[in-house]
Structure formats: C-alpha cells, structure tokens
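Colleague: Sequence:
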Amino acid sequence: MVLPKYDSRGSSAATAGVSKHSNIRFAGSGNVGRAAAYNGGDPINQSIAEYGSTVSGDITNGAGSLAAVTFNQLRVSQEMKHRFGTSSTPIQIDAETVYVDSNQSEVHLNGTYNRVIVARMPRLMTISGDGATRKGIRELIVIGDRGRINVTNATRIDKIFVYGYGVEVVLDEDCENFSGGAVETGPIEIRVGKGSRIIAGTNSNKIVNAGGYVRFDAATNLIQFSNTASTEFTGSVDTGSLFDGQISAFKDQVGNKLVDVDIFNASIIDKGHGQESNTSGSSPVIHGSVSLRLLSGSTVKVE
Numbered sequence: 001m002v003l004p005k006y007d008s009r010g011s012s013a014a015t016a017g018v019s020k021h022s023n024i025r026f027a028g029s030g031n032v033g034r035a036a037a038y039n040g041g042d043p044i045n046q047s048i049a050e051y052g053s054t055v056s057g058d059i060t061n062g063a064g065s066l067a068a069v070t071f072n073q074l075r076v077s078q079e080m081k082h083r084f085g086t087s088s089t090p091i092q093i094d095a096e097t098v099y100v101d102s103n104q105s106e107v108h109l110n111g112t113y114n115r116v117i118v119a120r121m122p123r124l125m126t127i128s129g130d131g132a133t134r135k136g137i138r139e140l141i142v143i144g145d146r147g148r149i150n151v152t153n154a155t156r157i158d159k160i161f162v163y164g165y166g167v168e169v170v171l172d173e174d175c176e177n178f179s180g181g182a183v184e185t186g187p188i189e190i191r192v193g194k195g196s197r198i199i200a201g202t203n204s205n206k207i208v209n210a211g212g213y214v215r216f217d218a219a220t221n222l223i224q225f226s227n228t229a230s231t232e233f234t235g236s237v238d239t240g241s242l243f244d245g246q247i248s249a250f251k252d253q254v255g256n257k258l259v260d261v262d263i264f265n266a267s268i269i270d271k272g273h274g275q276e277s278n279t280s281g282s283s284p285v286i287h288g289s290v291s292l293r294l295l296s297g298s299t300v301k302v303e
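With the first letter of the sequence shown counted as 1, position 156 gets the number 156 in the numbering used here; the numbers rise by one all the way through.
Derived from the structure by calculation, the hints contain no laboratory data. Backbone N, C-alpha and C define an ideal beta-carbon position, used for all residues, glycine too. Do not rely on the hints blindly, as some may be mistaken.
Below 30 Å or equal to it, Euclidean Cα-Cα: the simulated DSS-like pairs (lysine-lysine) are [said to hold, decoys possible]:
(1) LYS194 with LYS206
(2) LYS159 with LYS194
(3) LYS159 with LYS206
Ranges between beta-carbon positions, derived for each pair [as the list claims (entries may be wrong)]:
(4) THR86 with GLY166: 19 to 27 Å
(5) ASN227 with THR54: 44 to 52 Å
(6) ASP262 with ASP42: 51 to 59 Å
Please model the complete structure; the sequences and the hints are all you need to start from.
Modeller: Right, here's the structure in full:
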C-alpha cells in the first residue's frame, strides 16, 4: 500500500488574517487551556502546539483560552511521558492535523481533526466524539506498531488506514461518517495490513483487508488478499473480490449474505446459519480453489 503523503503544513491553508503559524510549547502540567503554560505565545488559530519534553505532569482538560481555537498542528512528541487527558475526560481541542509520536504516554482526544497520524503507538489512546456536534476525524492513519485505539461516543470518522503491526482499532456501534447525517453508516473506507485488527460494529462503504483481521456489520465493497487475511461480518457484503484468506459470518443469525462477490481463492467459514445469496438471484462467483466449512444441515447450491 502507498502511504498517504504527510504535509507538515496541515491539510488546508492558514486561516484568513493569520500570516504565519505561531509555534508554542506547553510547559508544566495541569489545565491544557491555561494560556500561561504556553511559552512562545498564547494559543491562537493555526498555532502549531507541541506537548513533549517541557511537560512535567499529566495534562488535564480545561477549555480556558482554547475554546475558540483550531490548531494547525497538535503534536504529542516522543519525549512526552505523561497522560494527555483520560479516557473519561479527553482533551477538548480542535486541530487540522494531530501527530502522535510518543509510546510512553496516554493520549485521549475529543475534537474535530482532518487527519490524525499515529507514528508511535501510545500506551493507550482514545478518540471520543459527540454525534450531536459532528466531532470526529476525516482520516486516521496508524503507522506505529503494537497498541490499541478506542473510537467512542458517536465519533464521526471517514477513513481508517492501519499500516503498523499489532495494532487494534475498536469502533463503537454508533460511529458514523461525516456525510451520513443521522444514519449510522460507519466509515467510508477501512484499510488494514498484516498483523493488525479493526473491529467495527457499523457498516462501511469500502474495506481493503491486506492480511489483517476485520470485523464489521455490512459492507458495500470488500477487497481481500493475503493468506493471513480474515474477515468476519454480521450483515451482508454487496460486492467484492476475495483473492485469499478467509471470510465468515460472525453472528448466529439468518441474513448473512455474500452477494456479487468474486471468490478467487479463499476459505468460507459458516459460524451462523449459513451465508445466503441475494434473493434477486445474484450470488458469489467462484473463480479458483475455495474451501467451505459449514455447520451441520447447511446446503450448497452449485450452478
């Protein structure tokens, strides 16, 4: 997979009226909104804010001077060794880009971000939203290895790209994308590589499984390759191509469907009452060697 290019200038031009970015660093501990804690100037729109070696203790949530501020970049650097919020009280800051590069801290965020890049996995990470105010992430990109990210509280999230190894991303059932309105449509696109897992109790428009594990409700399109890839679903998969790996129904329920799916070389495992073809007559098309593991009483129709 080609990693999306990271633009250190952020994902959009500076806010009108701001001629350049203000580089500020948080010193000390406590309330993140305490203006006096920032050397280099008060937090303003389009600031580049760093939390790292000058942090001496846990940082706590507090609106303060950040209530109407959107950072250009929020950076949790490698030297950061303390908690940046908690899972129950995340830090409420908006930013165009968040860059997390610390494996010694905890990072807990609540805000709206165009892009969240995780270069090193923190000890624990939470991204919390609020469906009523449409907080969330356009893109979550995970490069670091070994860790877990919890996406909670109706966070809106469009795309998830997991390139690291041993990473688990868990989405609450109420997660939506930014264009879904009141309908819980889930992420627009999910991509996961070998050795990592994405668990979502939602739908997704497109899923690319390149060797990891994905569990979801239903998908419009699924592309899967690599013999280590494993996909489980609770609803239906409308279209897709399975080049290798295995796919299975996760819940013991009637209604799991593989519809217009091309199967080139994969294992289909029945953990429920069986995959059903679409009642319209469309059904999976097998192009290669496929192994089936079915429950007692299941039937297979070959035409």
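Colleague: For the pair supplied as a hint, LYS194 and LYS206, is the alpha-carbon distance within the 30 Å limit?
Modeller: holds (18 Å)
Colleague: Can the suggested window of 19 to 27 Å be confirmed for the beta-carbon pair THR86 and GLY166?
Modeller: holds (24 Å)
Colleague: Take a quick look at whether LYS159 and LYS206 sit within 30 Å of each other, Cα to Cα.
Modeller: holds (9 Å)
Colleague: Taking the beta carbons of ASP262 and ASP42, is their distance inside 51 to 59 Å?
Modeller: Holds - the Cβ-Cβ distance for ASP262 and ASP42, about 57 Å, lies within 51 to 59 Å.
Colleague: Given a hinted range of 44 to 52 Å, is it respected by the beta-carbon distance of ASN227 and THR54?
Modeller: Once the Cβ atoms are compared, 48 Å apart, the range 44 to 52 Å for THR54 and ASN227 holds.
Colleague: Against the 30 Å threshold, does the CA-CA distance of LYS159 and LYS194 hold or violate the hint?
Modeller: holds (18 Å)
Figure legend: structure checked against the earlier numbered hints; every hint is met.
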